[in-house]
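Protein chains: 2
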Amino acid sequence: MRAVSAASIASLLNRLPADTVTIEPDALSEGAHDRWTLDLLRLARGDLPDAPDAIASPSSTDEVATVLRWASEAGTPVVPRGGGSGVCGAARAGPGSIVLNLSRMNRVLDVDEVSRVVRVEAGIRGDALEAALGPHGLTVGHYPQSIELSTVGGWIAAASAGQASAGFGAIEDRLLGLTAVTAGGEVLRLRAVPRSAMGPDLRRLLVGSEGAFAVVTEATLACAMAPRELAWDAFGFGSFDVCLDGLRRVMQAEPHALVVRGYDQADATLAFGRMGHPGGPVAIFGFDATSAGVTERRAAAADALGEGAHALGSAYGEHWWAHRNDTVRTYHRVMGEERMLGSGVVVDTIEVAALWRDVPALYANVRTALLAGAEAVGCHLSHPYPSGASLYFTFLVRGADDRAVEDVYRTAWATAARACLAAGGTLSHHHGVGLLKAPFLDAELGATGASLLRRMKAAVDPAGILNPGKLGDERRGPR
Amino acid sequence: MRAVSAASIASLLNRLPADTVTIEPDALSEGAHDRWTLDLLRLARGDLPDAPDAIASPSSTDEVATVLRWASEAGTPVVPRGGGSGVCGAARAGPGSIVLNLSRMNRVLDVDEVSRVVRVEAGIRGDALEAALGPHGLTVGHYPQSIELSTVGGWIAAASAGQASAGFGAIEDRLLGLTAVTAGGEVLRLRAVPRSAMGPDLRRLLVGSEGAFAVVTEATLACAMAPRELAWDAFGFGSFDVCLDGLRRVMQAEPHALVVRGYDQADATLAFGRMGHPGGPVAIFGFDATSAGVTERRAAAADALGEGAHALGSAYGEHWWAHRNDTVRTYHRVMGEERMLGSGVVVDTIEVAALWRDVPALYANVRTALLAGAEAVGCHLSHPYPSGASLYFTFLVRGADDRAVEDVYRTAWATAARACLAAGGTLSHHHGVGLLKAPFLDAELGATGASLLRRMKAAVDPAGILNPGKLGDERRGPR
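Chains as they are written, first to last, in the working numbering: chain L, 1 to 479; chain V, 480 to 958.
Simulated from the structure, these hints should not be mistaken for laboratory data.
Among the hints, erroneous ones may be present.
[To be verified] Derived list of chain V stretches under chain L, where covered just means 3 residues or more per stretch with a C-beta under 8 Å from a C-beta of chain L:
id	stretch
1	500–513
2	631–641
3	746–760
4	866–873
Beta carbons are placed, not taken as given, at the ideal position from N, Cα and C, and that holds for glycine.
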């Protein structure tokens, strides 16, 4: 792709406050990718495509509009970027484009204790948001594993769900209002209301839009009282199918747990081996310990599991809660360990979802598909609903070297994707699409669905400057 | 508008099974309007605009596609129609257009007791849907007052919410998958999954789309166990502000009631006068009587109300539940009564919503605005959330005669709409937009929001044949 000319970069610099735009090489390299494992592999082997030509870090919605107007006039692609913690490559940026880094837009603008809502700039990180709400006794209840890296804008763009989604829902259930900037630099302000029937909800158009439809700069999110204490229950099972069917009955009994998770044998060993778990599938439930009727609701959840479950006490859940983000906190160490496993090793995850009727086949078929090319396949259920659940697979693929493994990885993904779709599932529950899943959009949405997405993208971004080559525009993008 | 030619109608007839298309004058007249009070007034005074040229009543998604392909080729506007129970004029159809009546597509296609979901054709009426689920012990939990008239497709198109939305959410919370046909006759099939992050959710694009973006022909809806018994509590208050603030605290305590409603003095008298209510605002709560922790949760709700509330027992709620749909059941009688009030009387409703912080001003300001031109203004809160609530106003306007009242009505609406928007509210909570609210779309969504809606509409329906003159296309429509 043609590089952005020096004159054009100078024109951008002229329109923005000093220190808003950088062309410093290390920053550009860092801004070229997110945490998609394949890009990290390419980075490790030194052949990630070249970096973008500039990174703009605006401090306001107006400055974002300035950048996008400049980009529209110049026809320059813009890749919006939150925390850079995405795992599907949605934030990949290359030569000829600039990165729009939202991380300076990280303020809490208003805490409304009456309505229990918070208005923030989209670049605020999850942990900073929760820290700001703490003194008010509030929480957004949105706790993705990436909470110490990811931003509110990224949550919206990737259609994120948090670890307490059983209780607090996913990001769309918290999103009440927003400000966004279109590709043409127009500012969209959608008032914060609990619900509206004034046409199709444009807030929802931006959930899962991956920076390709507009750039979210502010959001108003619903909060709740932060639980003062959590109460944990855990159960063991003879098989994961028995665990899954028990979790279905639990969700359908609606005991209003905040956290509901289930682990197959492999993932249970990973999650609880250190605390002496003897093996076998495990489920944990976390409740707000002081909520009304919690004793009866915990009992109802245990009853719903039935005779196939044996109680394991509170320690499993407490252990998980204490260590739930360790793999992200120790990310660089883990990446190092992966490298230490030797050249040619890649670890990735695939989070799919289906109706309960399809969940057993989804588990069996995706696992079998992965095992055809991968090893160390583990699975847990982390986002359950009365109607179905998400299954989260972790797998390791190995090739002769860091180059050969790429084909093994792509084949494993394609095989797993086919198995998921054949079982009636969706290929993404909360990681978005990015470059990784874009090749499967047509298969999941059908020709008409994919066409509608592309036509909508073209309608809101006629010049195609917002994250081109990604969602709704993926046919001209990089792989 | 130019009438559809006889040759064109003949071409449509030739493509469809016998008895699928009617041009019978009484049917055409009935298909020309929904239950928008202004059209009913015009009907009463004999000057509703002329009827559409034909009504097609397809029996399958394929036949819907046939109709839309014919319409695309001929450039003929198509007005999709569910139960015709809308109250904003979204189903108004005139000369030069045809009506696409979905009422023959009324089958239950699948009841999945494992996932607790039901797949239906979009033309099924709410009462028929619930009757079909009864033997399975299931309910969709979506109970709009129009349930005996309205259809699943209409619920989706108008972004409906039911009377038990506190417990079951609104239609988007039940909608898991759908089949729809685009203006060009392409079939969109979105698999039923509990949630997906595969791009912006196209299911949500059709919620609130009023037949202007695509025609929904099938839907998969989440169900729940139908409560075997409801437990009712009621409370009285010295003022509606105290009631509203109490309901806020109740919703934020999350007692998981199925029904939460509050009535101001005027609406409480209308709702409970017959059972001897002495006057003053009232709130009622309905719980699933056998759900886990219900005793504690009922107590928590009462506690959250605080000292400003006095308990009124269970009879108020039981009375409401028994009579909740009477005004719809006796609709023709009521309309007759309205006529009996004399020429020049119109009764209408306006359902708005805002964050709790804005709810007191929303109530005061919209009520004051209405009272400037209307009489008998009553209000109830019928869809509460932890973050805010919907307020539902009923008002009566009076003019010198059936013609003069139209200006009084339009002025009352415009004044109330300005007051609602100034208070931070949305002009539609669950009745959609139609012809009634379309003039306020730009004011609520802003120029950018309204522009995005129009650009999206043009992208998915480039020929502008789907319900033209309505949502996203309202500038060329009738008033």
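The hints, checked one at a time:
Against chain L, the stretch 500–513 of chain V contributes 0 residues with a C-beta closer than 8 Å to a partner C-beta. That does not satisfy the three-residue criterion, and the hint is violated. Counting residues of the stretch 631–641 of chain V whose beta carbon lies closer than 8 Å to any beta carbon of chain L gives 4, which meets the minimum of three for the stated coverage. With 0 residues having a beta carbon nearer than 8 Å to a beta carbon of chain L, the stretch 746–760 of chain V misses the requirement of three or more and the stated coverage is violated. Residues of the stretch 866–873 of chain V with a Cβ under 8 Å from some Cβ of chain L number 4, which satisfies the need for three, so the listed coverage holds.
In summary, the numbered hints that this structure violates are 1 and 3.
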